[in-house]
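Trainee: Sequence:
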Amino acid sequence: MPELPEVETVRAWLAPALIGSTLRRVEFRREDLRYPIPVAAVHGHVGQRVTAVRRRAKYLLFDTHDDVSNGTSALLVHLGMSGRCWLEPNPQDPPAWKKHEHWRMWWMQRDTPQLLRYEDARRFGALDVVPDEAAHRLLVTLGHEPFDPAFSGAWLHRSTRRRTTAIKTFLMDAKRVVGVGNIYASEACWRAGVHPLKPAGKVGRVAANRLVQAVRDVLQEAIAAGGSTLKDFVGGDANPGYFQQRLDVYARGGQACHRCEPDGEADDADAPAFPISRSVLLGRATYYCPVCQK
DNA sequence: CCGACAACCTGTGAGC
DNA sequence: TGCTCACAGGTTGTCG
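If you want this note's numbering, it's the 1-based position in the first sequence plus 731.
Since the hints were made in silico from the structure, they are not lab data.
Cβ atoms here follow ideal geometry from the backbone N, Cα and C, with glycine treated the same way.
The reader is advised that the hints may include incorrect statements.
Taking CB as the label site, the calculated pair distances span [claimed, not checked]:
id	residue 1	residue 2	range
1	R892	P822	50 to 58 Å
2	K933	A1002	27 to 35 Å
3	G935	V799	56 to 64 Å
4	G924	R894	17 to 25 Å
5	G802	R841	22 to 30 Å
6	D798	N821	26 to 34 Å
7	H774	P822	14 to 22 Å
8	P993	L1013	26 to 34 Å
9	K829	G1014	28 to 36 Å
10	H796	P769	18 to 26 Å
11	H831	G802	27 to 35 Å
12	D904	G924	18 to 26 Å
13	Q944	R1009	21 to 29 Å
14	D879	R1015	23 to 31 Å
Can you make the complete structure from the sequences, with help from the hints?
Mentor: Given below as structure tokens:
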């Protein structure tokens, strides 16, 4: 489930609860997610207080401060493909561990206990400690944040020259720009009218500008939509439907292009004149309109 | 350096 | 009902 908007949504939900809280206890069910969890180092954060809850790329960062040593550190949480991280609404009477729930963190906010739970069926996620953000191996390689002015049409145009890789693949490369996952990469290409399989080096200045704007717009709109269904996602077991109903191409293979055939209306309309195509790029489903995306 | 691909792991839904 | 297969929103590592 998590692309950047989902992670940002979780961050916004956790921040007010965790900021100012002190870590009291950590429990593990499994110590091997994508990487081995440095269990001792995580336990070492007990007693520390959260000063900020941030997002970098798709990583959540809980900044912590140790009043005793006056040192600062951070806990890093990644949701991978199937991860969820949420505050238990009923910490006084905590439910049994879910099948793929791997760790729990108990926090104290003034006199109020809080329970942070984490589940991840596929275990592509991660939990790590970050004593020095500038040196952390998962963070040092990351490219621009999409809302950073450094991610601009000029930059995109400049950094794609002579690149033969598909523009969609380039946009999904976190060493270049972070937070653009498979869904939003397809969506941004459609909005910009750029064919996702087009060699990155052949994207012109005008199209590069449109792509950058499209990436920002689609992420921003998805964040806004995520906020509106936040409770369903964080509080209970409800499946986040978020932005699904607003997608123009993703998972819409064979259905009418919203631009070429706006009155193609319902997704169950038969035989649209301008159907969305699906192809596979680097093993990932890629959706586009072959007519209006050049 | 670049680009293509396999790998990590489990769940779900479609088709038979 | 039960089996098999394709596929799933991320990221790293390796190989040519």
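Trainee: Looking back at the numbered hints, which does the structure fail to meet, lowest number first?
Mentor: none
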